[in-house]
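Participant: One-letter residues, chain by chain:
Protein chains: 2
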Amino acid sequence: MKKMLMAFGAVALMGISAVAAEALVQKAKKAGLKPIPESRSELYKLIDNPKNPITDAKVELGKKLYFDPRLSKSGLVSCNFCHNLATGGVDGVDAATGHKWTANPHHLNSPTVYNAVFFEKQFWDGRSPDLEDHAQGPIQAAPEMAATKEHVEKVVNTIPEYVKEFKKAYGDPDMKPTFKDVADTIAIFERTLVTPSRYDKYLAGCDKSLSKEEKEGLKTFIDKGCVNCHTGIALGGSMQPFPLMGKYKYADIGDFKGDKNGMVKVPTLRNILETRPYFHNGAVWSVKEAIKIMGETQLGIKISDEEAKKIETFFGALTGKKPYVRYPMLPASSQKTPKPDLN
Amino acid sequence: MKKMLMAFGAVALMGISAVAAEALVQKAKKAGLKPIPESRSELYKLIDNPKNPITDAKVELGKKLYFDPRLSKSGLVSCNFCHNLATGGVDGVDAATGHKWTANPHHLNSPTVYNAVFFEKQFWDGRSPDLEDHAQGPIQAAPEMAATKEHVEKVVNTIPEYVKEFKKAYGDPDMKPTFKDVADTIAIFERTLVTPSRYDKYLAGCDKSLSKEEKEGLKTFIDKGCVNCHTGIALGGSMQPFPLMGKYKYADIGDFKGDKNGMVKVPTLRNILETRPYFHNGAVWSVKEAIKIMGETQLGIKISDEEAKKIETFFGALTGKKPYVRYPMLPASSQKTPKPDLN
Chain Y
0 MKKMLMAFGA VALMGISAVA AEALVQKAKK AGLKPIPESR SELYKLIDNP KNPITDAKVE
60 LGKKLYFDPR LSKSGLVSCN FCHNLATGGV DGVDAATGHK WTANPHHLNS PTVYNAVFFE
120 KQFWDGRSPD LEDHAQGPIQ AAPEMAATKE HVEKVVNTIP EYVKEFKKAY GDPDMKPTFK
180 DVADTIAIFE RTLVTPSRYD KYLAGCDKSL SKEEKEGLKT FIDKGCVNCH TGIALGGSMQ
240 PFPLMGKYKY ADIGDFKGDK NGMVKVPTLR NILETRPYFH NGAVWSVKEA IKIMGETQLG
300 IKISDEEAKK IETFFGALTG KKPYVRYPML PASSQKTPKP DLN
Chain W
0 MKKMLMAFGA VALMGISAVA AEALVQKAKK AGLKPIPESR SELYKLIDNP KNPITDAKVE
60 LGKKLYFDPR LSKSGLVSCN FCHNLATGGV DGVDAATGHK WTANPHHLNS PTVYNAVFFE
120 KQFWDGRSPD LEDHAQGPIQ AAPEMAATKE HVEKVVNTIP EYVKEFKKAY GDPDMKPTFK
180 DVADTIAIFE RTLVTPSRYD KYLAGCDKSL SKEEKEGLKT FIDKGCVNCH TGIALGGSMQ
240 PFPLMGKYKY ADIGDFKGDK NGMVKVPTLR NILETRPYFH NGAVWSVKEA IKIMGETQLG
300 IKISDEEAKK IETFFGALTG KKPYVRYPML PASSQKTPKP DLN
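Residue numbers (numbering that gives the first Met the number 0), protein chains in the order written: chain Y, 0 to 342; chain W, 0 to 342.
Warning: the hint list may mix true and false statements.
[Claimed, not checked] Capping the alpha-carbon separation at 25 Å, the derived lysine-lysine pairs in DSS-like fashion look like this:
1. Y:321 to W:248
2. Y:287 to W:338
3. Y:63 to W:218
4. W:99 to Y:338
5. W:167 to Y:63
6. W:63 to Y:163
7. Y:321 to W:99
8. W:167 to Y:320
9. W:163 to Y:335
10. Y:248 to W:167
11. Y:335 to W:248
To be clear, the hints were calculated from the coordinates, so they are not data collected in a lab.
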């Protein structure tokens, strides 16, 4: 009888716990939080570009181009220089710095490329609708890769192996890859850079994949209202108002004013513990400080040290599994490939 | 009978060809040319550091450090920035350029890290006896990574995952990794960066692994005397006199004068078709031009266009198979990790 009671007790406890767990997951879903799908086909539906479907050949070629510094004017700055896949998809400096060691003129921080496919818009001012359009920007930006379209086309078309790979990837034996083809193919690679984590397993129904403390952090994160902006699959990625010139403690660093309506793209919180410094101007080096500032400026509330700590603990569950990247061996330049110009 | 005669003829032809092939291999070996051993144990004997034996754990940790830009003052410049494994182990620019976009003050070109383990000395002036000693240089050099020893030690010791990996790799639970440990571990990774090619198979006895044209090129290479300096496993790597200030066409680019005896380290010819520009000051962008200049300045002979072309064809056989490198995902910084300093 005692045994039976104990067993009953255990079931009851499990029941209560299961109910609470279910409630938190429901709460999270109601708040718009969504997992990265576990199913490959579901995921591909979300990340694919119907106008230029993902294939292994395009991803492999896109990876090469992503890592190729020769696309830049200097021959030294690849996409990976600022969006380093080894360090959370960012460069770890406050203002993005590229060609001639020039910092971004608005003191803008390099956002992570991981999970950027889930953003509604690209760039801090949301001026770009997708990764294909976005990829054209930094390659040409003077303080980043500083290349012209002609330079990029000349580099790719004077490296026979690249031309061959483009022809094969796009099934066009007469292809002469254009700047747009290069950007589109880089974007295809970037579309695959998603990092599922324990958090996704949790939202998908695996209760034990988050610790008690992480669940408490998630609850605090929702209750405080962080989910108003940090929602969806990316926990960010939409355009939202941000009091850049007002209450924000470091508003004087840089002159970024958002889009024409003062809206700023919400950064993703996935892998956030790996992507310091924080905010559009990289002014904040501590996650806890960032959380507290957000409470003040965005929500008009005070988030206590203890609450910030709980939310930070939850963020640990957002550190995802990075895709396996074999470092590419790039095809050699030919005599016709443009020489680097460091000036 | 006719059939028999034909068969006899074929055997005779094979015999002649085999004799000629054997003669060229013997000639190459007599000239000091040596293959990268095919046998893993023989290779390890050659590349290992008895004071700090190669292990998988050290190689993996060394790879992470090699790719980690946080070891530099700016947080932007890793070993791989100048010795890019994707592009033949070099940066493709004439003068090495690093911290604050500063070019090497002597206009020295970044030599390839591939097969550097086979060099007798490191650096263009041979001032370093091995990769362990060498690795300490660029990390601290002002125009390269510009870090202090203290910076490097602080970075590594404030990233718990790194400390854990050092402890594990060296079997020392109390290890507090020093600057020397970091350089030594990077060197261990570099020791594994060898690139066997068809040329090695040929020297090891597989006649058909070089084409007829490549064999002709090898013969020309030996006959012209290139092997006087470009010999051994690396086809280079020893200290030799170089008329830097005299006959060399581009002697006015940079002020490098070699070691105290005017000796300069001979660059390896392995992967040479991937590592333009050429010479210590990166002044020459065409292999054929480089070959002809070497004939004039080093051998006092005229190498014709046709001969240079043959030698270049042989160089194609020196493009080796690069080791498989999984791009490392680096451990996250902690709150105590030094912030990057771009100045």
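Participant: Does each hint fit the structure? Answer for all of them.
Facilitator: A quick look at each hint next to the structure:
1. Y:321 to W:248: This hinted pair is violated, its Cα atoms lying about 50 Å apart.
2. Y:287 to W:338: holds (17 Å)
3. Y:63 to W:218: violated (36 Å)
4. W:99 to Y:338: Answer holds: residue 99 of chain W to residue 338 of chain Y is near 21 Å, not above 25 Å.
5. W:167 to Y:63: Roughly 33 Å between the alpha carbons, so the hint for residue 167 of chain W and residue 63 of chain Y is violated.
6. W:63 to Y:163: At roughly 32 Å apart (the allowed maximum being 25 Å), residue 163 of chain Y and residue 63 of chain W break the hint.
7. Y:321 to W:99: violated (31 Å)
8. W:167 to Y:320: holds (23 Å)
9. W:163 to Y:335: Distance ~48 Å between residue 163 of chain W and residue 335 of chain Y Cα, so the pair is violated.
10. Y:248 to W:167: Outside the cut-off at roughly 43 Å; violated.
11. Y:335 to W:248: holds (22 Å)
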